[in-house]
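Colleague: Protein chains in written order, with numbering that gives the first Met the number 0: chain A, 0 to 724; chain B, 0 to 150.
There may be inaccurate statements among the hints.
[Said to hold, decoys possible] Below, in silico cross-link-like pairs of lysine-lysine (BS3-like), each with a Cα-Cα straight-line distance of 30 Å or less:
| # | chain 1 | residue 1 | chain 2 | residue 2 |
| --- | --- | --- | --- | --- |
| 1 | A | 188 | A | 124 |
| 2 | B | 86 | A | 152 |
| 3 | B | 139 | A | 195 |
| 4 | A | 86 | B | 86 |
| 5 | A | 209 | A | 195 |
| 6 | A | 209 | A | 198 |
| 7 | B | 86 | A | 209 |
[To be verified] Residues of chain A clear of chain B, computed beta-carbon distances all greater than 10 Å:
| # | residue |
| --- | --- |
| 8 | 50 |
| 9 | 102 |
| 10 | 319 |
| 11 | 487 |
| 12 | 549 |
| 13 | 555 |
| 14 | 607 |
| 15 | 648 |
Calculated directly from the structure, the hints in this document are not laboratory data.
Every residue, glycine too, gets a C-beta built ideally from N, C-alpha and C.
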Amino acid sequence: MSIATELSRRNFLKTSAAAAGGLALGFHVPFTPQAVAQTETPEINAWVMIKPDDTVVVRIARVEMGQGTLTGLAQLVAEELECDWAKVTTEYPTPGQNVARSRVWGNFQTAGSRGIRDSHEYVRKGGAAARMMLVQAAANEWHVEPSACTVAKGVITHAASGRSTTFGKVANAASKLQTPNDIPLKDAKSWTIAGKPLKRLDTPDKINGKLVYAIDVQFPGMLNAALKNCPVFGGKIKSFDAAKVEQMPGVKKVVQVADTGVAVIADTWWRAKTALDALPIEWDNGPNGSVQSADIAAAQKEGLTATEAFLGNRNGDARAELASAARRVEAVYGVPHQHHVTMEPMNATVRWTPDKCEVWTSTQNAESALATAAQASGLPTDKNEVFRHHLGGGFGRRSTSHDFVRYAVLIARQMPGTPVKTIWSREEDMTHGWYHPTTQCRMVGGFDANGELTALHMRISGQSILATVNPNALQNGRDAATFQGLNPQGPEGQFGYTIPNLLIDHAMRNPHVPPGFWRGVNNNQNAIYLESFIDELAHSAKQDPLEFRRKLMANHPKHLAVLNAVAEKVGWGTPPAPGVFRGLAQHMGYGSYVAACAEVSVSDAGVLKIHRIVGATDCGHAVNPQQIEAQVEGSFVYGLTAMLYGDITVKDGRVEQENFDTYQMMRMDEMPVVESIIIPSGGFWGGVGEPTICVAAPAVLNAIFAATGKRIRQMPLSKADLRKA
Amino acid sequence: MARLSINGTMREVEVEPDTPLLWVIREQVGLTGTKYGCGIAQCGACTVHIDGVATRSCSMPVSAITEEQKIVTIEGLSPDLSHPIQKAWLELDVPQCGYCQSGQIMAAAALLQATPKPTDEQIASEMTNICRCGTYNRIKAAIKHASANMG
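Working from the sequences, and respecting the hints, build out all of it.
Modeller: As structure tokens, this is what we get:
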């Protein structure tokens with residue numbers, strides 16, 4: 000056994016508590032049916048392996064980062080497999096295996112609330128096909144028709160002859176059978192494992208310290224690296240004085256990283272960081288060293304009324320109608336840059352030799368991580384491999400860019416044969432992010448003489464994510480993702496109102512601060528702009544915000560149903576407790592329909608208290624209701640944290656906030672009571688990890704207006720004066 | 000050299016005296032359940048018990064700890080998930096990504112040790128650890144659940 004495979008085996012042993020099963024087998028054994036048949040854990044198909052003791056190993060292509068997808072996907076496979084849920088374990092296939100097997104596991108990307116909604120069909124078919132093959136194997140052994148056999152909880156029974164066997168006993172024979180062509184799936188109404196509020200599979204190891212996150216990986220002889228990149232985006236490293244720190248305790252080497260950074264490699268990370276902090280470094284700040292936040296805002300402001308803009312959604316002639324409207328309402332909103340702040344800072348462990356590059360990391364897209372590793376390692380793709388760990392938070396940071404893999408590989412290349420773990424300090428992490436894009440939005444509404452809303456122009460001005468992250472995805476320069484939640488139709492967010500004259504467009508203004516996909520992405524600010532302004536229009540027309548929306552939503556029954564659900568739950572129309580005020584919001588995104596109603600009070604001193612927030616979700620099919628509730632609750636925290644505190648500012652080209660002391664998070668003392676209504680209306684599959692984020696802030700902002708008469712249009716709230724107008 | 004009592008075992012470690020306890024636990028001792036989140040005692044992911052008191056180990060230099068003091072990490076809370084807080088966490092399926100949960104659990108265990116029947120307000124004021132996934136309400140419910148089960 001080579002050292003490389005020995006390392007991989009150790010890694011397997013360390014992670015096996017979370018991913019019990021055959022990662023090591025998968026690593027050592029080529030996935031040909033012949034080879035599989037000789038192993039002790041027969042692979043029935045790519046999704047299901049069954050051990051002789053009936054343990055079921057479900058392969059999970061997407062990654063677990065807190066959203067519960069590991070458990071949900073396993074439920075879907077187990078439902079069709081008809082196995083014993085108590086015997087289900089999971090493991091991650093590697094991207095190298097996926098490449099070698101013609102992408103048998105499909106897409107590894109775990110983003111856009113797609114884990115379940117994009118893979119439910121093929122994973123269920125994987126479970127169903129495996130069950131059919133297991134039954135066929137038993138039937139063959141008994142010389143009976145498979146249709147004469149029944150299966151429940153991993154036990155196959157032939158009632159007529161009184162015989163029964165278990166999955167584990169026939170797995171080997173089943174693994175040699177052909178995959179059936181016709182694989183019918185169950186109706187959701189007959190589910191017994193999927194659709195149930197089962198406990199997560201990953202909880203026990205998350206409460207005893209045993210789960211090995213990527214940052215916890217340990218190998219014999221492993222070294223640790225601390226990294227600093229130029230604090231100004233687009234800048235470079237000019238020089239560093241390695242001699243000043245080379246004699247410090249534990250230091251092995253000081254290395255330049257690409258043309259932008261420097262790292263200290265030491266026996267421990269603390270010693271590496273201590274030496275890096277003492278290292279004299281000169282930066283070349285490049286062309287962006289004089290950019291300030293005010294410059295970025297000024298460019299956006301210019302775009303609010305610019306002639307040129309990319310079209311998002313249009314019907315009628317909003318400009319003409321607004322020009323002749325009996326009454327116009329106008330407002331400008333804004334959202335600043337925000338940081339992802341995964342609790343686990345960026346990190347990766349790499350062992351590089353001239354023949355092989357192995358990476359252990361937290362990634363939302365292991366296939367991209369593999370491609371990045373191959374670029375940085377200088378080795379062909381099949382000489383690279385990425386081993387996945389559960390993420391200590393992702394939120395889009397670990398899908399937008401794999402810079403953390405690139406730098407770790409570039410560092411480890413300078414220590415051939417030695418595993419090197421590179422950890423970004425919190426300060427390095429916060430100042431070198433891929434930030435939620437900053438935009439402003441000018442909203443103009445027009446009423447006719449009868450007081451009916453006849454026109455709306457929504458002009459978004461500011462940063463595009465795709466223009467920087469994936470310019471190939473632009474359509475003649477237009478970033479379609481900018482219009483999430485504002486589209487005429489489609490699962491990525493259908494506009495929920497019917498307005499006779501509508502224009503939604505985007506003046507792209509890209510600052511030098513790199514943008515990223517940030518949990519909820521562009522839905523977040525689009526919902527703040529739209530749902531706050533709809534509330535403004537309702538108040539300006541002296542109409543109840545719920546009734547005003549209902550009139551505009553008659554053609555959007557699914558949007559309306561979740562809004563009505565929260566209104567009914569809070570008792571909209573009945574008086575809240577004294578001093579408490581309510582606000583509403585609704586949105587569609589990631590295939591799901593969501594709404595929220597917040598109840599807040601604001602003291603005379605301007606102190607906000609969010610008492611309760613009620614959320615409703617129609618995600619079509621609800622695979623694990625208790626985990627959907629957890630995602631709704633977590634989404635409120637994510638959205639409200641952004642609303643309250645999210646504000647990354649730029650001074651002299653660099654991010655000013657470095658840690659939690661200057662970049663605050665919502666904590667327990669600010670948590671409202673959360674009530675969640677799940678309305679799985681069937682017929683479609685929507686995501687749940689993100690949609691509710693979008694309605695959190697506008698529901699609270701509308702409630703603040705109800706409480707104070709103040710319309711807060713610039714985020715974050717921490718900069719606003721909430722004392723009554 | 001420092002002598003530290005960690006989870007009932009005396010450890011001798013060769014470190015600079017200003018090394019934070021967190022990194023000694025993680026790198027010299029090899030117990031990785033205690034997490035690095037911020038390094039400035041803000042987030043609480045590194046919380047351990049020192050003589051029963053919840054302490055943010057990232058900002059506690061190892062030189063400030065004597066060998067008589069008893070350090071307990073998440074790995075030492077119970078051998079088998081049997082601590083009332085762990086049982087409650089299991090019962091309510093609290094963690095999401097889980098990265099902050101070692102610290103949350105150690106903070107909650109210390110809270111119940113000092114205040115067996117905390118009010119909502121006491122829980123909110125004592126539990127200041129950051130959870131980016133937003134498990135706060137389940138944490139609060141689990142603390143109350145554990146408190147009730149402890150009689």
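Colleague: Hint by hint, where does the structure go against what was stated? Just the numbers, ascending.
Modeller: none
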